[in-house]
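Peer 1: The sequence shown begins at 763 in the numbering used here and counts up by one.
Quick caveat, the hints were computed from the structure, so don't treat them as lab data.
Treat the hints with care, since some could be wrong.
List time: in silico DMTMM-like cross-link candidates among lysine to aspartate or glutamate, alpha-carbon distance up to 25 Å [to be verified]:
#: 1; residue 1: Lys918; residue 2: Glu874
#: 2; residue 1: Lys944; residue 2: Glu931
#: 3; residue 1: Lys943; residue 2: Glu928
#: 4; residue 1: Lys952; residue 2: Glu917
#: 5; residue 1: Lys952; residue 2: Glu928
#: 6; residue 1: Lys826; residue 2: Asp849
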Amino acid sequence: MSAFPSTHFGWKRKANQGLLSGTAFGEDDDEDRAELCLSHDLSWLNAAKRRRMHLLEDCDSKSKRLREEGNVLADEERYWEAIKRWDEALQLTPGHSVLYELKSQVLLILNELFPAVEAAHKAVELDPQWAVGWQTLGRAQLGLGEVEMAVRSFEKAVHLDPLNREVWEEDIPWARELVQKKKELEKEEKQEGIEVVQKDHEGKSQSPSDAAC
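All chains should be modelled from the sequences, with the hints used to inform the complete structure.
Peer 2: Below, the structure is given as structure tokens:
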């Protein structure tokens with residue numbers, strides 16, 4: 763007789779049987795485990811997508827709130843504060859062309875001409891089919907003295923939105939008038955330069971006896 767009482771470790775036997783079955787004939791167990799892993803991966807991916815969508819929605823809602831706050835500040839002529847709000851919104855939604863266009867308008871008011879042109883350029887770069895962006899770019903270019911480029915921007919705006927009477931009746935006539943004035947001024951300066959050169963040449967060609975007289 764054995765010195766130790768007989769004990770039946772049923773759970774160990776089942777585990778061993780499962781191990782034997784898994785090594786020799788365990789295709790079904792392998793498929794079950796594969797399906798379990800796949801299900802876990804899909805669940806993780808779906809959860810990650812849901813978190814990302816929630817984050818994007820959260821960023822969009824915050825950006826919208828900051829944009830509206832900036833609009834209110836701009837209406838109150840608190841322009842730098844408005845720009846700060848819009849910059850914060852751009853940190854959340856960097857591809858928002860409207861925010862750049864708003865910045866350009868306010869920078870023009872502040873006479874920050876180079877940044878105004880840069881912001882408007884960014885707006886039309888993000889949304890090249892937006893007529894308002896091209897109109898604002900044209901105005902910024904006029905402020906910087908780039909009158910020919912401004913005309914092209916206004917023409918682009920009209921092409922995209924033919925019903926925009928403001929561009930037809932105000933922006934384009936104003937820009938073309940400035941182009942004409944610029945040409946006239948350049949012509950006058952060129953003529954003055956020619957006259958100065960001629961006088962200088964005549965002075966040098968005078969003989970000493972003529973100068974003495």
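Peer 1: Hint by hint, say whether it matches the structure.
Peer 2: Going through the hints against the structure:
1. Lys918 - Glu874: 24 Å, holds
2. Lys944 - Glu931: 20 Å, holds
3. Lys943 - Glu928: Holds - the C-alpha atoms of Glu928 and Lys943 are around 22 Å apart, at most 25 Å.
4. Lys952 - Glu917: 29 Å, violated
5. Lys952 - Glu928: The hint is violated at about 35 Å.
6. Lys826 - Asp849: 12 Å, holds
The structure shown violates the earlier hints numbered 4, 5.
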